[in-house]
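Trainee: With chain V fixed as given, assemble chain F onto it according to the hints.
Read top to bottom, the protein sequences are chains V and F.
Using our numbering, read the first sequence as starting at 20 and increasing by one per residue.
Using our numbering, read the second sequence as starting at 20 and increasing by one per residue.
No wet-lab data here; the hints were simulated from the structure.
Careful, some of the hints might be misleading.
Claimed, not checked - Rough simulated footprint, nothing fancy, chain F against chain V, three-plus residues with beta-carbon under 8 Å:
#1 58-67
#2 70-78
#3 128-138
#4 146-159
#5 181-189
Yeah, the Cβ is synthetic: ideal placement off N, Cα and C, and Gly gets one too.
Protein chains: 2
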Amino acid sequence: MALYEQTVPQFTKMLSNIEAWLDLGAEYAKAKNFDVAVLLTSRLAPDQFHLLRQVQAACDQAKSACARLTGKEPPKHPDTEVTFDELKARIATVKSYLATFTAKDFEGAESRMIPLAFMPGKGLVGADFLSEMALPNFYFHTSMTYAILRHNGVDLGKRHFIGGLNLQDV
Amino acid sequence: MALYEQTVPQFTKMLSNIEAWLDLGAEYAKAKNFDVAVLLTSRLAPDQFHLLRQVQAACDQAKSACARLTGKEPPKHPDTEVTFDELKARIATVKSYLATFTAKDFEGAESRMIPLAFMPGKGLVGADFLSEMALPNFYFHTSMTYAILRHNGVDLGKRHFIGGLNLQDV
Chain V
20 MALYEQTVPQ FTKMLSNIEA WLDLGAEYAK AKNFDVAVLL TSRLAPDQFH LLRQVQAACD
80 QAKSACARLT GKEPPKHPDT EVTFDELKAR IATVKSYLAT FTAKDFEGAE SRMIPLAFMP
140 GKGLVGADFL SEMALPNFYF HTSMTYAILR HNGVDLGKRH FIGGLNLQDV
Chain F
20 MALYEQTVPQ FTKMLSNIEA WLDLGAEYAK AKNFDVAVLL TSRLAPDQFH LLRQVQAACD
80 QAKSACARLT GKEPPKHPDT EVTFDELKAR IATVKSYLAT FTAKDFEGAE SRMIPLAFMP
140 GKGLVGADFL SEMALPNFYF HTSMTYAILR HNGVDLGKRH FIGGLNLQDV
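For reference, chain V alone in the conformation it holds in the complex:
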């Protein structure tokens, strides 16, 4: 199974899903006549990242997972976004970056040793990095984004989380 297929298209789709959730959040704010910035700074617990930071983190996880699995240096994206439009632009930037990867970039990624910055001298083999770190971290921040919006009344369901499927005739 190719690591490209397990990362780039799925991260890209999930980031597009987040864009759609944010748009639903903005519509909800307009309909209820409150500033969408209230949603952006909402959180589920006082010591948890707020919505805007969850989206930044999901972007970073997608970006750095693909970069690290392919031995590239990820571009730096300082967390300077404050507004709804700035956050949407951050997502678009990361989607454009993901679009630069090819399946060939991921050749051998499953056995590449990936050092962990927070654990000097230790690392994970690429396949383990994907399943134990990259995917759980990406889905964690993606799910928290969804959960904060849902908790605040935005009309989201599971279908918005899953998004489109590469359906085949059986």
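Mentor: Below, chain F without anything else, positioned relative to chain V:
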């Protein structure tokens, strides 16, 4: 990359992580002198599954993903659990079921056609089923379980979500 490695060990670890979060929830309930059943029936939105049902759903996603990718019939687990101990037993049952799978069971799983019950005549190829359905659904319910506990004050952090890592010397 082997589909066994991307599913069985990671689902098993995440289910063990959920057991640990539930234990922290029970300790929290005891320390604050409230019934742990209050946590089990908590939710983030009135039209969302409560905690107990999120755990059942995570169990079902892990079980059915492995069964469907390997062409097996998953065991039926009716959602009859009500108490904390019953929920813990459900998780243990699913972990035992996952332990029956071998890497050999997953041979050819990436190209196996998996029909979708909710979309007659349509299906997903195994590799797409894993990345587009099984993993997002599993992490969705796992993350909602975490989010409900966190929202209610249980002292969870990202390390509890990620759990142990298959670390190597670099």
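Trainee: Taking the hints in turn, state whether each one holds.
Mentor: Structure-based check of all given hints:
no., hint, in the structure
1, 58-67, "holds (count 3)"
2, 70-78, "violated (count 0)"
3, 128-138, "holds (count 5)"
4, 146-159, "holds (count 11)"
5, 181-189, "holds (count 7)"
In summary, the structure is inconsistent with hint 2 from the numbered list given earlier, while agreeing with all the others.
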